[in-house]
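Asks: Sequence lines, in order, name chains A and B.
With the numbering used here applied, the first sequence covers 1 to 119.
With the numbering used here applied, the second sequence covers 120 to 335.
Fair warning: there could be bad hints in the mix.
[What the hints assert, rightly or not] Derived DEER-like restraints, expressed as beta-carbon distance ranges:
no.: 1; chain 1: B; residue 1: Gly-260; chain 2: A; residue 2: Ile-119; range: 38 to 44 Å
no.: 2; chain 1: A; residue 1: Thr-74; chain 2: B; residue 2: Val-301; range: 44 to 50 Å
no.: 3; chain 1: B; residue 1: Gly-274; chain 2: A; residue 2: Pro-88; range: 29 to 35 Å
no.: 4; chain 1: B; residue 1: Lys-186; chain 2: A; residue 2: Arg-57; range: 25 to 31 Å
[Unchecked claim] Far from chain B, some chain A residues (derived; all Cβ distances over 12 Å):
no.: 5; residue: Met-1
no.: 6; residue: Asp-8
no.: 7; residue: Gly-25
no.: 8; residue: Ala-65
no.: 9; residue: Thr-74
Because the hints were derived from the structure by calculation, they are not lab data.
Even for Gly, the Cβ is constructed at its ideal location relative to N, Cα and C.
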Amino acid sequence: MINILLVDDSVSMREMVSFTLNQAGHNITEAEDGVQALEIAQSNTFDLVITDINMPRMDGITLTAQLRGLDDFTFTPILILTTETSEPRKIEAKQAGATGWIEKPFDPDHLLATINKVI
Amino acid sequence: MKIQYNNSPSGLPVTLTGFESINRYWDEKHDIYAAKILPGEFYVSVSGELITTVLGSCISACIRDRKTGIGGMNHFMLPTDIRRNPNSWNDTPVNMQTRYGNIAMERLINVILASGGKRSNLEIKLFGGGKVLQIDTDIGGKNISFVKQYLMTEGLKVAAEDVGGIYPRKVLYFPKSGRVRVKKLINEHNDTVKQREKKYIKSLDTSPIEGRIDLF
């Protein structure tokens, strides 16, 4: 079991990803945007962060860069989970410190396999 | 999402990058530029165009920001053939149908929000989901149930709907005003709608319902 911070503004997407991760026995903390995720990250540590990109208040790429500035998140794997397919955005995510990029719709088995690879 | 505007050729109004392949034209009858979408496509207009489509079993969500008048329409159905993907997730909330439908809705909403829309200003209208295809399962009904469940989960209200029934529909959506005109195709003699939907079903059942994964 690992502790995962899941960030997405879509309730239904959080439900789907949480369901998948729960089936694998992982422990999930949810945030609805980058600002809320950053607040949670100030006082908690996680083994993995999964974040959407397009969210109100703070997007997932800005969140990734901000998390990398926190001591507890320097080496924490951060996976982007997004509907975006743009190469420039992917490069931005990489430069911000993301570990990987998963395009929605995700395959539950492949999502879990990717998590196992990065933790 | 970074929103970029394209100056379109042939005097067509400005559109967002990513929608270049959508069929756009001057609609003489309604005296307005129009974008016509096909099964599996979606379009968001930032120029007050008319968006139109013809629906059989497929469903379209027409969504706009009431204040900015920026809005769009999608046109999709859920994949039908789960036999090709027999796995333990089929009877769960993350089955292939739900994952595909979820993204069809999220893509449309994301572009509207990225174009300056606010979630609290969204106005949503639903059309389609007819029992049009002569096959055993009520695909249209499943599409309607999915969209309603999705919107309820997301806390988004449906302002108007014309769904179900047995006839195909032609939908004309004016995102600037939110007005929608629906024409039931009761005397549809050709079967273009059915043929397009069957082709779409086949493409859904043969192409992967999964995005790319890249580790950096």
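Asks: Decide, hint by hint, whether the structure agrees.
Replies: Hint check:
In this structure the hint that Gly-260/B and Ile-119/A lie 38 to 44 Å apart at CB holds, the actual value being about 42 Å. The hint said 44 to 50 Å for the Cβ distance between Thr-74/A and Val-301/B, and at roughly 55 Å that hint is violated. Checked against the given bound of 29 to 35 Å, the beta carbons of Gly-274/B and Pro-88/A, roughly 32 Å apart, stay inside it. Distance hint check for Lys-186/B and Arg-57/A: the Cβ-Cβ separation is about 19 Å, which falls outside the suggested range of 25 to 31 Å.
Residue placement check: Met-1/A keeps its beta carbon more than 12 Å from all beta carbons of chain B (closest about 19 Å). Its closest Cβ contact with chain B, about 10 Å, brings Asp-8/A to no more than 12 Å, contrary to its assignment away from the interface. The claim that Gly-25/A is not at the interface with chain B holds, since no C-beta of that chain comes within 12 Å of its own (minimum 15 Å). With a least beta-carbon separation of about 14 Å from chain B, Ala-65/A lies farther than 12 Å from that chain, consistent with its non-interface assignment.
Distance check for Thr-74/A against chain B: the nearest CB is about 16 Å away, which clears 12 Å, and the non-interface claim stands.
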